[in-house]
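Turn these sequences into a full structure, and let the hints guide you.
Chains A and B are the protein sequences, given in the same order.
To convert, count from 1 in the first sequence and add 1; that's my numbering.
To convert, count from 1 in the second sequence and add 217; that's my numbering.
Everything labelled a hint here was simulated from the structure, so no lab data went into it.
Just so you know, not all the hints are guaranteed correct.
Unchecked claim - Below are the DSS-like pairs computed for lysine-lysine, each with C-alpha atoms no more than 30 angstroms apart in a straight line:
no.: 1; chain 1: A; residue 1: 126; chain 2: A; residue 2: 111
no.: 2; chain 1: A; residue 1: 111; chain 2: B; residue 2: 395
no.: 3; chain 1: A; residue 1: 111; chain 2: A; residue 2: 78
no.: 4; chain 1: A; residue 1: 78; chain 2: B; residue 2: 395
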Amino acid sequence: MSGGTELALEGLSRRYGSTVAVARMDLAVAPGELVALLGPSGCGKTTTLRMVAGFVEPSGGRILLRGRDITSMPAHKRDTGMVFQSYALFPHLSVAENIAFGLHRRGVPKAEVAHRVARMVALLKLDGLEARLPRQLSGGQQQRVAVGRALVINPAVVLLDEPFSNLDALLREGTRIELRRLQTELGLTTLFVTHDQAEAMAISDRIAVMNQGRLEQLGTPREIYDRPATRFVAGFIGRANLFDAKPGAAGGLISEDGIPLEAAGAATYVLRPERIVLDDAPAEGPNAAAGSIEVLSFLGTGVQAVLRLSGGRALLVEGPASLADRFRPGAAATARWTAADLTAIPAP
Amino acid sequence: MISLRHPFGWLLRLLALLAFVYLLGPLFVIIAASLSDTGYLAFPPQGLSLRWYQSALADTRYLDGFFVSVRLALTVAAISLVIGTAAAVALTRFRFPGRALIEAFFLSPLVLPGLVLAVALTLFFASNPLVPPGMMRLVVSHLIVGVPLVLRVMLPVLRRVDRSIEEAAQNLGASPLKAFLLVTLPALRPGLFAAAALAFIFSFDEVEMALFLGSAREAPLTVVLYGAAQMAFDPTVAAVSSLLILLALILMVAQQIYAQR
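Rendered as structure tokens:
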């Protein structure tokens with residue numbers, strides 16, 4: 002790995018007895034880049050983060066930070082700044098003392114500590130709260146102290162472990178935008194663990210989708226959404242309709258439930274719900290399917306519908322709010338799409 | 218707060234009152250008796266006099282006994298705190314075979330009657346004089362109960378402390394030992410205080426082991442009182458007891474004020 006990489010995981014593995022938590026993970030994070038480790042619980046994302054922090058010992062592979070092998074370095078000698086899911090603020094120390102903790106451990110002179118803490122307090126809008134104890138703060142304020150404490154030491158890499166999961170929905174969106182702004186401004190190399198795909202899409206440069214200890218796909222949010230590499234990624238990122246296209250008896254392609262498809266060839270295809278158009282004309286030819294509307298949910302920005310097809314499939318459809326005027330639950334409707342809307346998933 | 222309009226409000230209040238009378242009544246009797254003007258213990262007291270307090274404070278046996286007890290209880294509390302906390306840390310932090318068994322074994326002295334322990338220890342020390350008799354032997358014996366008391370308090374406290382604060386300290390550059398000393402130990406402070414107080418009170422109040430294993434030259438206050446009550450049950454004993462109650466009250470109030478600060 003060359004100078005373009007701040008943090009590199011090479012074949013990183015962790016086994017617990019016979020279960021594999023992380024299997025031969027390869028990942029290179031560039032300076033100033035924010036990479037999300039995304040996956041369902043138990044997929045190995047937190048174990049990976051804790052291996053980088055030094056709290057879990059890898060069973061195999063290497064971790065390189067700024068070109069230095071830190072695989073067997075104790076946690077307190079690594080140059081990482083971690084924000085814990087529980088924030089893990091020191092309950093007996095004030096806000097200022099919490100933020101100053103890492104600077105004191107590094108032997109930073111007193112005057113400089115005061116200066117850097119004050120700057121962090123201003124940056125995170127914690128002014129006036131310096132003398133408070135953690136239990137006297139709101140959840141959002143506690144979260145900002147945890148972020149400040151990790152950033153003030155200028156770590157080579159920032160590790161975020163589900164940092165927004167304890168905030169309520171409204172606060173969460175504002176906070177993640179704020180954190181992204183800070184991360185970009187300060188050029189912080191960041192590894193970010195989350196199970197929330199919307200959160201990962203919103204603030205990441207690249208997303209590493211993990212499942213059962215394996216890295217399923219690594220790419221920009223756009224790449225992962227538009228060209229999912231596996232069925233798992235297609236289903237986990239956004240909502241997806243999947244078709245297994247095979248050559249049909251009458252020539253052309255046909256899905257496993259008998260829908261004629263017009264596509265590039267026999268493969269598994271992803272059809273995103275927002276690519277589907279609904280009308281009330283009969284279904285004719287390929288890339289169309291008739292059914293009845295089972296559920297119609299108005300979401301403000303649009304409508305989500307479930308179209309129950311005659312073959313039994315529940316087709317997910319998303320469209321403009323006007324759909325709610327044109328269709329009622331129980332009404333017959335036909336879904337249509339084009340060959341360009343079908344994205345093939347590479348065969349495993 | 219239970220309102221009187223609650224269907225059982227008055228009943229609950231009555232029960233609470235009865236419980237208080239039951240718990241505090243004996244203390245009241247002792248204090249009242251200590252103020253009696255008679256030469257024997259009497260309740261209700263006849264006449265009002267502080268002369269038994271005078272004689273209690275003038276009698277050096279009581280004062281000496283008090284200081285022996287304080288020295289004993291402080292030593293037991295300090296050693297119990299170190300051993301009990303270390304054991305609690307090991308039992309909550311590390312997984313090893315027989316952990317549950319060891320925990321049960323550690324706590325078992327709490328269910329043994331004091332007299333049984335006292336007799337068993339007397340027999341044991343008679344054949345194995347590992348520890349010199351007197352204060353040392355008493356300290357060692359009290360630890361058998363003091364350590365489990367500390368353990369009993371510290372186990373749930375340690376289980377409740379967020380492990381990630383120690384990891385956070387390490388992440389910020391503190392070695393594992395420093396992380397424990399700088400972050401975990403301060404978080405445990407209220408628990409440590411309560412555990413030490415329990416061990417202190419146990420040791421200070423203990424009679425059976427003190428009688429069987431202590432030496433006559435350095436008798437703790439409980440032994441002095443026990444002896445005095447057997448010889449002549451005059452109100453001096455009640456006066457000494459009242460002074461101890463007063464001391465306990467002052468300490469409790471001080472602790473509450475400290476905790477609310």
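Enumerated hints in conflict with the structure, sorted upward: none
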